[in-house]
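Enquirer: Spelled out, the chains give:
2 protein chains.
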Amino acid sequence: MADSPLRTLRDVATLRATTAAARAKGHTVGLVPTMGALHDGHLSLVRAAKQRCDLVIASLFVNPKQFAPNEDFGRYPRDEAGDAAMLAQAGCDLLYAPGAEIMYPEGFATTVEVTDVSRPLEGESRPHFFGGVATVVTKLLLQCLPDCGFFGEKDYQQLLVIKKLARDLDIPTEIVGCPTMRESDGLAMSSRNAYLSPEERRIAARLNLVLHDAIKEARAGEAIAEAEAEAARHLLAAGFSRIDYVAMRDAETLAPISALSRPARIFAAAWLGKTRLIDNMEV
Amino acid sequence: MADSPLRTLRDVATLRATTAAARAKGHTVGLVPTMGALHDGHLSLVRAAKQRCDLVIASLFVNPKQFAPNEDFGRYPRDEAGDAAMLAQAGCDLLYAPGAEIMYPEGFATTVEVTDVSRPLEGESRPHFFGGVATVVTKLLLQCLPDCGFFGEKDYQQLLVIKKLARDLDIPTEIVGCPTMRESDGLAMSSRNAYLSPEERRIAARLNLVLHDAIKEARAGEAIAEAEAEAARHLLAAGFSRIDYVAMRDAETLAPISALSRPARIFAAAWLGKTRLIDNMEV
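Residue numbers (my numbering), protein chains in the order written: chain A, 58 to 340; chain B, 58 to 340.
Please note that a few of the clues may not be correct.
[Claimed, not checked] The calculated lysine-lysine pairs, modelled on BS3-like cross-linking and capped at a C-alpha distance of 30 Å, are:
#1 B:Lys220 to A:Lys122
#2 B:Lys107 to B:Lys82
#3 A:Lys82 to A:Lys107
#4 A:Lys220 to B:Lys122
#5 A:Lys82 to A:Lys273
#6 B:Lys211 to B:Lys82
#7 A:Lys273 to A:Lys122
#8 B:Lys82 to B:Lys220
#9 A:Lys220 to B:Lys220
#10 A:Lys211 to A:Lys331
#11 B:Lys122 to B:Lys273
#12 A:Lys82 to A:Lys122
#13 A:Lys122 to B:Lys122
#14 A:Lys82 to B:Lys82
#15 B:Lys107 to B:Lys211
Note that these hints are calculated values from the structure, not bench results.
Using the sequences plus the hints, can you model the full thing?
Expert: Here's what the structure looks like:
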């Protein structure tokens, strides 16, 4: 890593010394937590952080606690050198890439859980997921103590979970949500898109279009449940192999809705072979 | 509260402004979390904090989340004015006494849990207890972000839980344990001692003596299990109405032990009428 284009920190003491030095100069600190395998969605978070904060730190840690044993922790794409180059290019000031022994030392036994917004949708499909996310994000925020933490709306439910835990635990960091970045055909950018075969990649682009259609139908007066069911049918017809959910929900509480009377979002999770894609948008 | 002998803060923003001003002068901050109903045990924590830190803050919050519905939340003794006077006398600089609406705002949904050292002993007798403690202490530490937090060894298992969560979540605070303070007859000081009738108070003093005897027996070679059982019999004979546990455990992990080969402690929880007393000491 000696020739990394970006200064890379591996431990909490060095991270804190660096942020303390920045603060002593009156600088603000922004943190962009990532699991690496960066794409322009992550870089948009770095750019948003640059606009708000003086010192921008990206973290890279593929968090084993948010993967179930049958999930893709082992094959999750890893390329720290490539990630560091992209971050440097985007204007990121520092990379914080701790090892598992820093994040989960021997005897680690503490979990953070958000019991309301983590329950539906992803919480039903991946019951272990948000406990792992909430715990690791709490740790990253407390290791760095940034003024602002930046998270993508691509993982909208995760953003709600993180906003809730930061408020509830009094973490002194403002959680900033940033819009989903999309490919030219509308596919939400995701590190997991790299798993897709060319044929799957073509089908994947239907996901955002079907959600747009469902929003149009619901706005035109179709019953919410019918718009959801129709979207699921369209995804299966387009070639998706399995649907975990297509659901319009209250944008703040994720509670089911029967009418578009309050701000709402549509959420979907669907499989293409072994790859699970998620997307969401404002209704 | 206008004539309180101690400056009293009620909200997080004022607390943070106050600690930030102290830090800007290069001062260190010590926090002594309490549920009020103060006695010399608490004041010994304030005195320990004064020795280590420039600005000493005591917090007062009777945390509903660590009481079960059938426990003594309603009758727990409350006397903020009296507590403030004692704290001022002991040299405490500030009282932080937030209301429940500050600690648990509407929609509060986050819990912190330590899954190993919180399981045995108190965790078995009071299954809700350490979840409530871990969550509120995390909040108090993150609201104040002290350099050091001070906790009594009287609640030794709680001290282990707090040390573990502070390490695991990377809370930038050193957790300092302080020795149990005792009355002249050896009874561990506790806010709940105020519940005892004169007759119960007389019996209560047997608890520490019986634990001392059990340690003596174990050191003399008696089997651990027999020393524990004998201590429980002696407590019942002395007038305790029920024993939750008497147990010698590894002082670090709280795992059961069969010999005194590593640092160990003896722990007990026992009832006198409606009052539950705990004590512990080094073996």
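Enquirer: With reference to the structure, classify each hint as holding or not holding.
Expert: Status of the hints after comparison with the structure:
1. B:Lys220 to A:Lys122: holds, 22 Å
2. B:Lys107 to B:Lys82: holds, 17 Å
3. A:Lys82 to A:Lys107: With Cα atoms ~17 Å apart, Lys82 of chain A and Lys107 of chain A stay inside 30 Å; holds.
4. A:Lys220 to B:Lys122: Roughly 22 Å between the alpha carbons, so the hint for Lys220 of chain A and Lys122 of chain B holds.
5. A:Lys82 to A:Lys273: violated, 51 Å
6. B:Lys211 to B:Lys82: violated, 34 Å
7. A:Lys273 to A:Lys122: The given pair, whose Cα atoms are some 38 Å apart, is violated under the 30 Å limit.
8. B:Lys82 to B:Lys220: Roughly 28 Å between the alpha carbons, so the hint for Lys82 of chain B and Lys220 of chain B holds.
9. A:Lys220 to B:Lys220: The hint holds at about 26 Å.
10. A:Lys211 to A:Lys331: holds, 20 Å
11. B:Lys122 to B:Lys273: The hint is violated at about 38 Å.
12. A:Lys82 to A:Lys122: Judged against 30 Å, a Cα distance of about 36 Å means the pair is violated.
13. A:Lys122 to B:Lys122: holds, 27 Å
14. A:Lys82 to B:Lys82: holds, 15 Å
15. B:Lys107 to B:Lys211: Roughly 20 Å separates the two Cα atoms, so the pair holds.
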